[in-house]
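Since chain A is already given, all that's left is putting chain B on it; use the hints.
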Amino acid sequence: MSWYTKKLAKSIWVFHVSASPCNNCDIEILDLLTPKYDLERFGIKLVGSIRHADVLLVTGILNKKVAPRVKYIYEQAPKPIFVVGVGSCPASGTVFKGGYNYPSKVLSEISFDIYIPGCPPKPEAMIEGIMKLVEVLNA
Amino acid sequence: MERIIPVGPYHPLLEEAEYFTLKVDGETVVDIDIEIGWMHRGHEFISESMTFTQSIYLVERICGICSTSHPLAFVHAVEDVCNVEVPVRAKIIRTLVGELERIHSHLLWVGLAGHFIGYDTVWMWAWKYREPVLQMFEIISGNRNHYGMMRIGGVGRDVEPDSIPEMEKILDEIEKKMDMLVKVVRDDPVLKSRLKGVGVLKKEDAINFCAVGPTARASDVGIDVRKDEPKDAYDMVDFEVIVLPNGDVYDKFVVRVLEIIESVKICRQCLKLLRTERGPVLNKVKEIPPGEGIGRYEAPRGEVFHYVRTDGSNRAVRHKVRAPSYANIPTCKASCIGIPVADALITTASVDPCYCCTERAVRVIDEKNRELHIDLLRLSREKTERIRREA
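Chains as they are written, first to last, in my numbering: chain A, -5 to 133; chain B, 470 to 860.
Chain A extracted, bound-state conformation:
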């Protein structure tokens, strides 16, 4: 598998799923594509379908309505797929933890590879997170 992941590390294609976030991480992810940060120069690109993607970006707490869909998307993905949790929500649930719509089960069913904490994480932090993933893939 290592030869495959090494090839993968050259240009990562990303599918982004917003699983009940507050929109902010999503905007910062889109911000990465715009001229100030311009992530496409590293070959990182947002794609429209999970079937083209190498990395699944998940933002938000995965509420009870969205969680089965996210799981479905995860199952559709060509393996290996690397799951990145953006923001504090997938990592810890933040302020929503006490709510009735916070799922306890699904978060453990999808295995996250890395988390990028922050509310919202700065674009620089997101770039660093993805670079860490690339380092792992290259190792």
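Hints may contain errors.
As the list claims (entries may be wrong) - Quick list of simulated restraints, FRET-style, between CB atoms:
(1) B:K597 to A:G37: 20 to 30 Å
(2) A:N132 to B:P809: 42 to 52 Å
(3) B:E635 to A:W7: 37 to 47 Å
(4) B:I834 to A:G37: 36 to 46 Å
(5) A:G37 to B:S662: 27 to 37 Å
(6) A:N132 to B:D631: 36 to 46 Å
(7) A:Q70 to B:N552: 55 to 65 Å
To be clear, the hints were calculated from the coordinates, so they are not data collected in a lab. For every residue, glycine included, the Cβ atom is placed at its ideal position computed from N, Cα and C.
Frame of chain A; chain B shown alone:
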């Protein structure tokens, strides 16, 4: 023959998850329906288990774009309960942050609208000009989004006097670019041919659907909480409410771009006021008496409304949120019918829908797939009947 096109909940265009059902006859949209609920996190319930100061951070996370509007409306509601006097400097800072948010939200929409019609140049340019605004937020609050500025009785953080010249310089830069953007929008043949006369929302429809904000103002309905019920420093600054007559997507585009110019004007006046106005920024509130309060604020998308009921403890007994998109999203029922499928997307997106803000209610279905709902009218009538019988 009528067919149904399902869109969503995960589709490559909009960031948020929502599910549209387009009923089409050939190329023409006959009916449109929308299912939401993918973003529901139960804010109102969580808010009722948190103290007032904690709740400010919670309502900030209702929506990442309106992260000043919701806390501001919430603190207005709580201040309505306890009748606290807000220091003038705090009022100015609130207005400054609120208007900066309007600039960044409108620019964000302008960019996304360009992306929706396949004109990515607009997207890249608009978002490039949005960056200096975020930089100003970083100077004021220390974070690009989610500022955590609002407190009951003032603001949590003062604006450093040394940073004002720097911010004025950034505002100059933004204003220059925005003047260019106005000219571009007025001249661009692509935008005109793609947006003019598309998805018209008539004035009576806008009134019937209770549309608010830029959606209403582009349909010749001049409502703006900032002018109608000026709070904070809005009565100390000079600005215009932009109202345009046609109600098509192009007018909604122009309203937003012109509002950015007005917001820059307000920000400049606020910075000028901050130079002279000294004093505290927070009037500490010791106790919140039992009572009811409402708070309104003109968010970038329209009027946001918060209702708080207290019982003298440090938590709200009831907290209700009504976001502007809740009124604006259904207007697509009026504006989308009879237009081609290709125009349906930009028309639904033209109200600047924010599903995170909208989703404040749940539909409960039990194990036997029965919907649990209560007819409020029936309940109300029954209570009247009961009281009459007892009396």
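Comparing the hints with the structure gives:
no.	hint	verdict
1	B:K597 to A:G37: 20 to 30 Å	holds (21 Å)
2	A:N132 to B:P809: 42 to 52 Å	holds (48 Å)
3	B:E635 to A:W7: 37 to 47 Å	holds (39 Å)
4	B:I834 to A:G37: 36 to 46 Å	holds (45 Å)
5	A:G37 to B:S662: 27 to 37 Å	holds (35 Å)
6	A:N132 to B:D631: 36 to 46 Å	holds (45 Å)
7	A:Q70 to B:N552: 55 to 65 Å	holds (56 Å)
When the structure is compared with the earlier hints, no violation turns up for any of them.
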